[in-house]
Every structure is written in structure tokens, then in C-alpha cells.
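**Student:** Next come the chains, spelled out residue by residue.
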Amino acid sequence: MDVPGILTRSVDDAVVILNALAGHDPKDSTTVFEPFKPCALPDVASIKGLKIGIPQEYHAPGLSSDMKDSWQHVADIVENAGATVKRVSLPHTALSIVCYHVLCACEVASNMARYDGLEYGHRAKDESSTESLYAASRHEAFNNVVRGRILAGNYFLLKQNYDRYYVQAQRVRRLISQDFWNTFRSGIDILLTPTVLGDAPSYRWFSKADNRTRTQEQDVFTQPANMAGIPAISLPVALSSNGLPLGLQLLGQPFKEQQLLTAAKAIEQLVNFRALDFDKLLYCD
Amino acid sequence: MVVRLFMRQFQHNLIRQLKRYSKRAALKGERLESQWETVIGLEIHAQISAKSKLFSGSGTTFASPINSMVSFFDASLPGTLPVLNRRCVEAGILTALALQCRLNLVSMFDRKHYFYADLPAGYQITQQRCPLAKDGHVEYLAPDEVHRKLVLKRARLTQLQLEQDSGKSLHDVEMSHSLIDLNRAGIGLMEIITEPEFCSAVEAASFVRELQLILQVIGVCDGKMEEGSLRVDASVSVRRPSEPLGIRSEIKNLNSIRHLMRSIEFETLRQISILESGGQVLNETRAYDVETGETVSMRDKERLHDYRFMAEPNLPPLRLYTNDTVPNGVPSDQIINVDELRAMLPELPNAKRERLKKQYGLSVEHSNVFVNEPTLLECFEKIVANQNLQNVKIASNICINEVLAAVNKKNIAFSASNLSAESVGELVELVQDEVISLLTLRKILEVLLQDSSKLPKQVIEERGWHQVSNETALENICCQVIAANPKVVDDYRDGKTKVFNYLIGEVQKKLSGQSNVKAVVRIMKQKLDT
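First to last, the protein sequences are chains A and B. Under our numbering, think of the first position of the first sequence as 1, with each following residue one higher. Under our numbering, think of the first position of the second sequence as 1001, with each following residue one higher.
Derived by calculation from the structure, the hints in this document are not laboratory data. One should not assume that every hint holds.
In silico contact screen, one side only, chain B against chain A (beta carbon under 8 Å); selected entries [what the hints assert, rightly or not]:
1. Gly-1041
2. Pro-1065
3. Pro-1120
4. Ala-1121
5. Ser-1273
Don't be surprised by glycine CBs; every beta carbon is placed ideally from N, CA and C.
So here's chain B without its partners, still in its complex pose (with noise of 0.2 Å):
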């Protein structure tokens, strides 16, 4: 117990420094990391959307009463049998073509044995030896560490199966019992399983992000880490450069992105602080604690696991055609049409912005912004069509900078603020046609999100924030400033012409911000050189 503690603090100290050093290191321009590489995979599981369970015909809603989606078959009776569900089978399907992998169109499935509450049959239906889906890769955005930008990159996946999720149990120490609810027990998942190539935990929770929408969009899982439909465990390891893979250690059910990068941050350092002492990292479980950011050990599941797989007896293979193979006189809710559902995949997430791209001439942040907020999209390209806009560029910096902006301060989502394509439509005239400053776009949008049944041009009337083009107010207005600010004036006829700024805000602060900023500065400009 003693020694334990004692390596606990002697680790708490040692990543404390690390800590401390990396920070100089990045300060003096190298970074502690370089001479560390990280190596992490990732599996996912995805809890498929589908009103029953995948072998049996108990509900699936969320946050439903406790064990009352249980269903004979779910709570293991004897003389209970699978039934493979069609639309889970889909699900994998779509997902397995949405991300470039190789359909095994014969699959079969798998018991894999263990004893645990949660898990009445005493085994979990799956598919091992051969799965529905192998290899495959996705492209995502992710931020260069050095450059700063968003960068393409590729993730390549092992495999994809079908299995289901067990039950879910909380322990009660003190009354020392524990509390199972069925509900969750026999909902279908599609475990994801990628190759261990990302570098960083950046990389990885940039992963999850591309995959989560990705399955949002074909609309086989709702993502939804905070409510378990989907959870990532994550393979931890490092290495120096060019040695072989180190002994890795995998963290368990990470049900939020943060956590995700956090854990993997975390354990990256825990890992190198052991090797640098001259210790060996052991291959273990662990799992994430959310008070402290740190991993622990799940020092009750680190004992070897045989699972015993053995071939289910009770299903046959899984048979998948396509638009060639379909045999005759088999009725057709028996076959399941491999082209038929690819003819049904929508736009995916990196075909999307690669049109939005092409088609708007947006840059590839915007383009990734507009992805990330469909509503928003929804709204922009209305936006587009319906008016003769010389320059799109004002469009989608109008919607991702200010009303995104806007809304997101405010905590909640553009789809239930209540703006319309219209009134932001409308705010894009007025800014392109230099009626409205910026400064006063954001306070039309302040009145907007109270009250969205005005338009912005009713707001301005209502509240004369007309903008003040008219070229002798702002001569006047100009020469006030000038006036009253003679040494500023000196500042910048002496050369200091970052004081030229100052004399601008002087500017707008006497006309309350609704000045009409370019002409303004073309005025200033003048008067002071002449």
C-alpha cells in the first residue's frame, strides 16, 4: 500500500516536471514530444439506430424506465433464440460502404464467453472469426501541429463488425450489492477497429469527430457520446523514433471527445515518465477518471481473459448479394442488396466539403464549419441563391463569424435560435451594400435572438442605427476628432502610424459605432495628410 502511494506521487512529480520541461522545451522552439513518438488505435462502438434491439424485438429508447426494454431472449431464458434484425444489418452495411471497407458477404457470428452481471446469456453474440466488414479508411481534418491549419488526413480501419451491448450495472460499495438494468443489454453496436497510426491525441479525437458525423449523416447512430451511443476505447503507446511499438495500455469507455484527448494526453506522459525513469509500462486496462484527468488502472480486469470463441449455433452465416447475385424465388425481405443500399448513401461529410469548396470558392475552415452546422449550410446557400451577390465571401463570413459566433456565445444551437434565412439574408445586404457597419450587425443580432419575428431593416428603423455614410457629417465628425486630439495627430505625422487606429475608435464612439468604417478611414486618411 505504502509503495504504492509512494510511486504514485513519485509519478504525480516526475510528469509535474515533464510538464514544466515540455513547456521550456516549446518556449526554446523543440518540443519534449520529438523525442518521444505516440502511437494510438482506437475502437469505437456505435450503438446502431433502430426501434429493436439486434437479436431480439425489445425497444431501444433512451433513458427508458429500468428493465423495461427486456425482452425473454435479452434476459438469456432458456428456449430463447436469435433473430438477426434486418436495419441493424443495413445500418452496418451503409456504414461499412460510407467508409470505404471491403463487405465480406458472407459473415458469421460468434459466442464470446465471460461471467459478469450484465451480461445474462454468459457470452456476448459477435462476430470474430469473420467479420461484415474489413479494412477501409476515412479522411478528416485535423489541425498541423507546426503550421497551425487544418490538414487532410487518412485513418485506416481493420475492421467493422456487428455485436451486441451488454447491460449496464453500478456498484454500490457501501451496501455492497450491485444494481443491473437490462435495457441497454442485446442493442445492436458496430465495433469500429482502426489501425494504431495516430500520432497524437488530436489526431484521434479529430478521428472521432469526422467518424461521428459521418454516422450522424447516414443516419445509422445519433453519436451521441453522452449518452453512450457512442464510445471510444483507446490504445495508448510510445516509442523513441524508429524502434520497434511499446507495450501499450488501453483506456476504456470514453463517452466525450475532451475526455478522449485528455486521457490520451495524460497517459502519453504517465508512459514516458516511467520509461525515462527506467521502469516498463505494464499492459494493462484503465480507465479515465474525470475528477482528477487522470488514467487508473482497472486492477479487476487485468487478469488474461480466455473468451473461448466458438461459432453460434443458432445463426447461420450472414449472406449479403448484390445487384448480380440475387437468386431467384427467394422473397426479398430474405435478401439484403448491397447495391441497393449504396444507391441510398447521401453526400458524405469530405464529399461535402469538397463541393462546398469548389462550388463557393470557401476555404477549407469554412467549408469544415459548414459541414460541422447544417443548419447554418441550410441557411448560406439560400442565402446564395436567392440574391445577386457579387462577392459569396461576405455570405459565409457573415454567417460563420458573427451569427455562428453570436449563437455560440449564447450556448445554444444556430437550428433553435430562430433565425431565419431571411433576416440573415437581409443583415448580408445591408453589410454588402455598406448600409450597416459590423459593430452594428452584431447589435441587430443581439435584438434578433430575443425577438426573431423582426427583420433587421425593422430593427434599424425601430432603433436608428442607420449607418452614417453621408460624406460631410463624417468631414465634421473627422475634423472634431482631429481637433481634439492634436498630440495623437502629431503621433502620426511624426511617423507612428499604428496611432491612426485610436483616432478611428474616436471616430466611431461619436457616432455610437454606426459610422461607415472604409469611408471614414478614406476621410481621415485625407485630412491628416493634407
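Here chain A stands alone, though its shape is the one from the complex (with noise of 0.2 Å):
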């Protein structure tokens, strides 16, 4: 769970990067060795024949109806353009994000342990003994929410309590992955859904609940990608009612990077989202 994102203004420069970045990396057991093709995607992308899967769990609580009616709306647009649109189902998407909790929580107090500030990094004054000063350090350089996380990574951790948080969350993880494969094997080539509940919320709003809380809210649709190890993409699509851009994201097969971006490539193509010219507003008079 702990990878690289690619943050980019265009589904091509997205494939610039991931063609520098994908491929067997000798200092990373978890690469496969096979040798990677970059994808090469066409001027004009065409969707043209593919099957894309609507999972029914995705219209979760508290969407918005501004993104509701955007998801639709896409759903029509690539139906009109050729593709196949089908109702699917994933039926372990609400256990995803307690499964990402734990399993995420564990994987921070453990990667987190390194920071003792005596190798890099801060290091308290305290040096009454080592125990404080590990503690003093770590205490002031992390905020409230990695300790939070490591508290709670800790705990799940503990002898009496890994096999029912831990290795649970692997079962319901091998569930969620299976869901997956499940839907890919039925004949479905890639599922649309959205990204978030709506568009950006403010920091206001954001902060009127707990950290731990409002991930739960928000990152209902984006992690179940990480636990099942497959690839996906979001993209702007429209501007809500508030005038924020609002996105959809595009879930592929397991190595199967090219028809995912193609299709990515052609929903740009079809929407047209106007993104914002940086260059033009900053030169025009």
C-alpha cells in the first residue's frame, strides 16, 4: 500500500510517467520479472467495443447528486459511443475500507518504527535515556494522526490480537480482490465509478470530524484498488453546482495498463473538461 501515484494535467503525461517508472526494478522484490511494454496509446482513443461495469455498491451514502448525475452522464456518453454498459456487483465493497484501516494502520506503526531521529531526521533533546528520547522525538515530529495510526497499528498488532484484526483483514482482502476477479471474468473490461462522494470539500466542513473519520467518508472508492492490486485512473469530467471540478475514476485488470488508459484517453477525449490553461492566464493581459 505504500506506492507511488502519478499526478498529472493529461491522461498522455500520465503514460509518459508510468512508462518511465513500470517494468521489473532490481531493488524492489515486489516487481515482476517479465519485461514491460510501454504503452503506446492512439491520437484519437476509441471506446469503441468495450464492456464497462456500473458496481451497484458504489452508489454508497452520501454521494453527491451533483456527482451521481456526472457518473450517469458518463455512463450514456460512452454507451453512445459504442461501448457496452452493464449494472455489476461487488458485494464486499463496504467491508474495503475497514479492511484498509487495519491493514493500512499496521503498515504505518511498522514503516514508521525507523524514526528514532538518530540516523536522519528530528531528534528531541531529551536524552535522559534512550527510551525518552525515542519518545520525545517521535512525539514532537509526528502529529496527531500518524500517532493515532501507529497507536492503532500497534494494536491490532499485538500477539493476542493478530489473528482477528490482522490476518481477518487479509480473508476479507482476498474477498474483495476475488470480487474483482470475479467481475473481470464475467467479461467486463473496466469499471467507472466515481472518485470521492463530490467535489472538494472545505477545510472548514473537513475539520469538523476526526481525521480517522472523515478518510472513512472519503476513501470509500479509491482503496479497494490497493487491496485488490489493480490498477486504476481518475479523471476531471464536469464542474459541480459549487463551480469545483468533480472526477470518475476507471478500474483495469491486473496488467492490462493499456486498454485502461485508452479508455481513460477516450473519456477525456469525449468530455472535454475544460482544465484550466495555467500558461494563457498567466501571459494574457
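Since each chain comes alone in its own frame, lean on the hints to assemble the complex.
**Tutor:** So this is what it looks like as C-alpha cells:
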């Protein structure tokens, strides 16, 4: 789950970065050995013939009406452009966020154990003992969100809790993964879902609840891809009634980035979302 | 504080009493320890001889300048990931095969979390759930307590796993700071765990010696305990026979066989003294204090540790293949074939002992010595091959009882002595043909050890150390000795046969030890009995 993400202004740019990153890395033991064939997208991408799935469980509580409308709108557009659109079910979707929270906290607790201020990073002044130095450095330099995740993760990893939380979450993870496998095996090529519940919330609204509650609400659609280990891309498709961008997500099959990115480019071209042209704005009189 | 001191003194006195009691009991033919059984289990950490560390490319040279063998990964810099060292895996497999273990063709890596300054990542990568190998056993020689002979014993193993070594820390209490050297952090270790089935310190030590030898022979570990290449933790408990296992304490980081033995012996007596006085043994970690010869509690490690074991997410399962299961189309540098490695195993020490016994008719003790002294064995085998020896025993006796004894006295290894097979072979020949006596042989060895450029025959020539075998000359000397010692002769004729050796000794003295003893004995007997 501790993986890099690519953020660009167009699907073509995302392809450029992906081609530079993908493939076997001898210093990363989790990368596959098969040689990576760089993606090459046509100038005009077509969605004709693709089977697009709409997972019914993604009609989640809190989904804004703007987002619902955009989702429907794009589904119609792609159908008109020659794709087959079909309702599908990913029955374990609701469990995904909880599963993610357990595993994410465990990984954070473990991966952050190296921040002791000895080799690098912030080192506190309290040197009365190694333990107090560690405790002070980590308390001072981690904010409450990180500390909360570390404490939760360490709790889940305790011997008496490991089976009930960590192992159980891994079992649920397999179920989530299987949902996608089954869907793809039944003939669906790509899934189309919202990226988040609506447009970007205001900081004031966001800080009314604690971080964990908010991430539980907001991450529902995006972390299943991490749980299942499949490629996904989010792109802006319309403006909300507040004038802020709305994004939709496409989920693809493992190792079929070419197909996923072609579909993304096709949709990009079909919706013709008016991206801000900063250069024009900066240099126009 | 006062109570603790008092308890310590009380225990001291009790232990001293027990030792005295034990000595007295031993003299009476019974042993204190027969009222108590000791149960010992061992955890051995063997550093893998490899050019780089288990998960990173840093070097592993012993005694390198401080913090000079530390890669970004070893220092736990964010963004670094582990990459498994193939040579370390092969070493683990060779060891598992040599120790008769069952290999897990799929094994996993885990993180073991704890905070300590010599563990930069805050966790150690190890194999807890599914280690490289399970079970296994080692046959080793240990002195039988009753008959004082070497007997073959079998130690059962629980498992073998690969894991990272930690760095080293030095605590400067005065300045109240700690100094950390990460050179050792991340070096590959094999942890070998035995069943708790050793009954005495001597048994445990004999086993460790055998394991050390095996690891050296297969080339996976140099076994130098004094350099930290091999470390042993001993779990010790006592109980009355046929009672359930007692509470055990763990003695950590023993780095010599002598310390292993002494610490187990002390710990056994300490626990017996506690139990005999009605107390309870604490389940704790202890260290061995070399100065006092006692084990001491490591108070700060006493707290119960939950290591929060977690699967290592950055390493896929380790898969091993056999000739039957090697997949097609995968590059060979990604495949580890167990059958290929098995074919590379050299002759193991116990097999060698058996072979030497069969091939040369050697005793258990002698074959054991040769297995522990490979260069001496080489020398011995050359001699036996090159010469027409009627009696192989002469060669092995001379190699072990004379040559090895001589170099041991001088505190050097046989390989460092520059004694050649030719030299030793000549000595064997000379003794066999009764040209020199053993006393002369020892004198020649002294010379050769100073100056190895000469050969024995040369030395004899130069120093005139020929053995006197001339019958007439010997007869004359015998007559002289008989004449000079009338009282002794009378004693002998009266039946005190022991004084015979004194007379022989006198002959030897007159000939500066260069007499053919067999002939002298024959002649002297003849003269005395007439």
C-alpha cells in the first residue's frame, strides 16, 4: 500500500510517467520479472467495443447529486460511443474501507518504527535515556494523525489481536480481490465509478470531524484498488454546481494498463473537460 | 538493595555448600546431580560467510572501520527496500541438508518489532511463521559421564531460519551515552534451535563443537566464536527426575565453548540452590559474567516483549525447487535448485569419522582428533599411502600422541608448524624400524619445530642420536647398571617387580635416552633372571 501515485494534467502525460516507472526494479523485490511493454496510445482513442461495468455498491451513502448525475452522464456518453455498459455487483465493497484501515494502520506502525531521530530526521533534546529520547523525538515530530495510526496499528499487531485483526483483514482483502476477479472473468473490461463522494470539501467542513472519520467517508471508492492490486485512474469530467471539478474513476485489469489508459483517454476526449490553461491565464493581458 | 545483597550472599553460601557437598558425594560414589536433572536447550546464531549482507549489498569484512559497511538500507533510510542475497539462501539450504532438516520449499519472511539503538528500522526481518527448514538432527561425540569414554549422541533440532543480525552498541555509563556501530546490522544469520534435550553442560558444549565443525566443513560459517561468528543462547532449567519441566532462565550471547560450559554449570547449581531452599526460579534473561564466572540477571530485558510479528510486505515468499519442479522459461539466476546444492555437500565430520575407523582401523578417539585437525589428517593419510606400513597404529599414535601434543604444548596449530608429511613420515619409519626411541623422537621434534628445513634423518646424523641397538653394547650397560644397584636387584629378585622400571630408566640415562627400549627390557630381564 506504500506505493507511488502519478499526478498529471492529461492522460498522455500519465502514460509518459508510467512508461518511465514501470517494469522490473532489481531493488524492489515485489516487482515482476516480465519485461514491460510501454503503453502507446492512439491520437484519437476509441471506447468502441469495450464492456464497462457500473458497480451498484458504489451508490454509497453521502454521494452528492452532482456526482451521481456526472456518473450517469458519462455512462450514457460511452454507451453512445459504442461501449457496452452493464450493472455489476462487488458484494464486499462495504467491508473494503475497514479492511484498509486495519492494514494501513499496521503498515504505518511498522514502517514508521524507523523514525527514531538517530540516523536522520528530528532528534529531541531529552537524552536522559534511549527510551525517553525515542519517545520525545517521535512525539514531537509526528502529528496526531500519524500517532493515532501508529497506536492503532500496534494494537492490531499485538499477539492476542493479530489473528482477529490483521489476519482477518487479509482474509477480507482476498474477498475484495475476488470480487474484481469474478467481475473481470464474467466479461467486463473496465469499471466506471465516482472517485470521491462529491467535489472538494472546504477545510472548515473537513475539520469538523476527526481525520479517521473523514478518511473513512472519503476513501471508500479509491482504496479497493489498493486492496485488490489493480490499476486505476481518476480524471475530471465536469464542474459541480459550486464550480469545482468532479472526478470519475476507471478500474482496470492487472497488467492491462494499455486498455485502461486508452479508455481513459477516450473519455477525456469525449467529455472535453475544460482544464485550466495556466499559461494562458498567466500571460494574457 | 540490602535485601538483594543479602539474598546474593545467601545464594553464594548455598552454592559453596552445594559444591562441597557435591564433591563429598562424588567421593562417596553418588552425585548430587543424580537427585536433580538438568534440561538444556540451545539457540545458535551463526553468521553466514558471504560477501554481502542478507538484504543489501554492503560488505561483511570483520573488524572494518566503524560504520564503514553501512548502506542506505542498513541505516533504514526511507525509500530503501530489502533484496534477498542468493548466497545466504544457499548457505541456509546447505546447512539444513547437512543437519538432516526438512526444507520448506516455500518459506516466508516476517518483521519482529522492538526498539533498540542497534536496530535502525525498529524491526528485524526474520522467519517466524514459516522458516526455511524444520526438524533435523546432529550426531556428535560426547564423553559418557560414567565411563569417561566418547559415545555417540543425537541432538534433535526444532528449526532453522534466516534472519538479520543487529548492529553493535557500547554503553558508556559515565558519559551516559551509547555508541552505535552498524557494520554488523543486516549481516545474514542462520538461527538454529535445538529441542531442550541436553542433560549436561558437557553435552551441550560437545554438540556446539560438532555444529561448529559441520558449519566450517560445508563452508557456510567460519565458526569463530571469539569473533562473534557463532553465538549461543542457552535455556537452562532443573527438575527432579520424572517431574514436569521446571521454570527456565535464558543465558544470552555466550561467545566461547568454555563460557557456555561454565555458565550452564553455574546456572544449574544456582537454580538447585534456590529450589532446595524453597524458593522459585524466575523466568528471566541472564548474562554470563566472565570475571566472576557467574550468571547475572539482565534486569532491563525482563519486561515481557510483544514483538508484534507481521508478514514482511516487501519480500515475496521464498520458493525453492527440485530437479522435478524447476519451471521452464525462468532465468536460471532466479531459480534455487535444492538437488543441485545437495550434490555439492562435502563429506561431513561424522561420516568422516566412520570412514576413518573403517579404512584405517582407528579408535573413536583418534578418528575424532583427525576430524578436528584436517591438516594433520592430510599428513597422516599421505604417510599411510606413501609408505608400506605394517602398522597404521604407529603412524596415528605418532601423529596424535607425539606431533600434535608437541605443537599444542607450543600453542601453535599443526598447519602453522611447517612440519611436512615427509618429515613426519620419516619419523614414523624410524620408529617402526626401531632406529630411534620415542624419547629421541621427541628431541627431534623439538629441533624440527625450531628449524623445519631439516629432515629427521639429518638431525639424527648431525646430533649423533642413533638408537643403540647393538646387543653387546646394551649387554654391557645392563651389567653396569646391575652392578651399580645391588639393593634394587635384590628387591627385584625378592618379588618387587615394580623396581624393574627403575633399572630400565638407569640404562636410558646412561644412553641419553637413545636405547632401543624393547631390546633393553629383553636383555635386562634375561640378566636378572639368570
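**Student:** Run every hint past the structure and note whether it holds.
**Tutor:** How the hints compare with the structure:
no.: 1; hint: Gly-1041; verdict: 21 Å, violated
no.: 2; hint: Pro-1065; verdict: 18 Å, violated
no.: 3; hint: Pro-1120; verdict: 6 Å, holds
no.: 4; hint: Ala-1121; verdict: 5 Å, holds
no.: 5; hint: Ser-1273; verdict: 34 Å, violated
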